[in-house]
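Undergrad: Sequence:
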Amino acid sequence: MAIAAAIVLAVAASIIANPSRTALFAQPLHPEQLAEVEDRLAQWSVPFTPSADNVIVDTAHRNDVLLRLSLAGVPHAHVATTGEALANVGVLTPQAVVDAQTRSGLAGDIEVALRSIEGVDDARVIIAPGKVAEFSDEGTADATASVRLQLRPGTRLSRASIAGIRSFVAASVTGLDPMRVTILDDHGVALTGDAAESDDASALQTSLQTALDEALGAGVAIVRVHAEYASAESEQRDVRRAPLGSAPIVRESATESFTGAGRHYDKNNERDDRGSDVHETVSRLPRGSLARMTTAVVVDAQKNLELENVRVLA
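Using the numbering used here, read the sequence shown as starting at 68 and increasing by one per residue.
It should be emphasised that the hints constitute simulated quantities derived from the structure, not laboratory data. A hint or two may mislead.
[Stated by the list, open to error] SDA-like cross-link-like pairs, simulated, lysine to any residue; straight-line CA separation at most 20 Å:
id, residue 1, residue 2
1, Lys370, Glu281
2, Lys198, Arg247
3, Lys198, Met246
4, Lys370, Gly286
5, Lys334, Ser324
6, Lys198, Ala238
7, Lys198, Asn130
8, Lys198, Arg215
9, Lys198, Arg170
10, Lys370, Ala278
11, Lys198, Thr169
12, Lys198, Leu243
13, Lys198, Ala210
14, Lys198, Gln168
15, Lys198, Asp166
16, Lys370, Ala282
17, Lys370, Asp280
18, Lys198, Gly242
[What the hints assert, rightly or not] Label-pair distances were calculated between CB atoms; the ranges are:
id, residue 1, residue 2, range
19, His331, Thr207, 58 to 66 Å
20, Pro114, Glu295, 22 to 30 Å
21, Gly255, Gln94, 25 to 33 Å
22, Leu311, Gly150, 55 to 63 Å
23, Lys198, Lys334, 51 to 59 Å
24, Gln94, Glu295, 50 to 58 Å
25, Arg135, Ser225, 25 to 33 Å
26, Leu311, Asn336, 20 to 28 Å
Note that the Cβ used here is the ideal one computed from N, Cα and C, for glycine as well.
Based on the provided sequences and hints, a complete structural model is requested.
TA: Below, the structure is given as structure tokens:
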């Protein structure tokens with residue numbers, strides 16, 4: 068407290084001694100906002116004096132600096148994280164309020180983390196908790212999360228980035244399945260990764276075209292690549308049983324006898340299971356995984372190229 072008071076007094080003395088300098092913002096900043104502003108001003112080589120919750124700049128340049136910061140989206144709106152959301156929770160706080168504050172703080176933690184992703188300017192996260200049936204006539208509900216991303220102009224997230232964001236959000240919330248995380252952009256368009264599939268195929272096509280141009284010569288070959296991705300999650304199970312020895316795994320026998328005079332009928336079934344070595348293989352293909360890749364290469368017939376060599380290269 069003494070150090071903070073000394074800083075405030077020093078800043079006040081600086082303003083009094085230099086009337087041409089003033090606080091940049093009318094309202095005090097939170098620590099993460101202050102750090103963001105100071106970092107941006109340092110990048111722009113703008114002279115400033117830091118204080119406990121503001122920065123001091125030349126009065127003549129204040130409006131220009133505020134305009135530049137506003138156009139850059141700095142500082143971001145303050146988001147209450149878990150520590151701040153639970154700061155006022157006491158022993159008498161109802162559990163429902165504690166749970167709501169916990170979800171709010173967790174959403175804030177995720178939002179702050181998503182802001183650091185390249186191409187993401189801001190994020191908003193809403194977490195809906197799961198519900199366990201307390202009575203037999205009630206249904207259960209799984210936890211869900213909604214994420215709205217504000218992307219920087221010209222930014223298009225790749226399929227891998229979207230999948231990574233979905234997995235990150237799901238891993239941050241207990242019991243949340245990645246398939247129940249909905250991601251929207253600032254235009255309200257769902258980011259499923261499907262829109263980025265063509266970009267991935269185009270990147271591979273460009274890379275292959277460049278390689279063939281260097282190997283065969285420019286204009287000798289034309290490449291087209293088409294990628295197909297799994298639209299739903301799938302699972303395959305392969306179970307194989309092997310006998311433990313030379314004898315078969317299972318032996319069954321049946322005997323029947325009939326005595327005509329006494330009209331006596333006897334039937335006996337025997338089954339001998341000697342055990343086996345069981346191998347089970349489970350293959351899971353998540354949604355959005357590459358299911359098939361098709362490549363077509365058209366070559367100039369006048370070049371008399373060995374098509375098999377071109378096929379191997381492609």
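Undergrad: All hints, please: hold or fail.
TA: How the hints compare with the structure:
1. Lys370 x Glu281: holds, 15 Å
2. Lys198 x Arg247: Measuring from Cα to Cα gives roughly 14 Å; hence the hint holds.
3. Lys198 x Met246: holds, 17 Å
4. Lys370 x Gly286: holds, 11 Å
5. Lys334 x Ser324: Distance ~6 Å between Lys334 and Ser324 Cα, so the pair holds.
6. Lys198 x Ala238: holds, 18 Å
7. Lys198 x Asn130: Violated, because 51 Å separates the two Cα atoms, which is more than 20 Å.
8. Lys198 x Arg215: Roughly 23 Å separates the two Cα atoms, so the pair is violated.
9. Lys198 x Arg170: The hint holds at about 14 Å.
10. Lys370 x Ala278: The given pair, whose Cα atoms are some 17 Å apart, holds under the 20 Å limit.
11. Lys198 x Thr169: holds, 16 Å
12. Lys198 x Leu243: Roughly 12 Å separates the two Cα atoms, so the pair holds.
13. Lys198 x Ala210: Distance ~8 Å between Lys198 and Ala210 Cα, so the pair holds.
14. Lys198 x Gln168: Measuring from Cα to Cα gives roughly 17 Å; hence the hint holds.
15. Lys198 x Asp166: holds, 13 Å
16. Lys370 x Ala282: holds, 13 Å
17. Lys370 x Asp280: Cα-Cα ~13 Å, so holds.
18. Lys198 x Gly242: holds, 11 Å
19. His331 x Thr207: 58 to 66 Å: holds, 59 Å
20. Pro114 x Glu295: 22 to 30 Å: violated, 57 Å
21. Gly255 x Gln94: 25 to 33 Å: holds, 31 Å
22. Leu311 x Gly150: 55 to 63 Å: holds, 59 Å
23. Lys198 x Lys334: 51 to 59 Å: Given a distance of about 56 Å, which is inside 51 to 59 Å, the answer is holds.
24. Gln94 x Glu295: 50 to 58 Å: holds, 53 Å
25. Arg135 x Ser225: 25 to 33 Å: holds, 30 Å
26. Leu311 x Asn336: 20 to 28 Å: holds, 23 Å
In summary, the structure is inconsistent with hints 7, 8 and 20 from the numbered list given earlier, while agreeing with the others.
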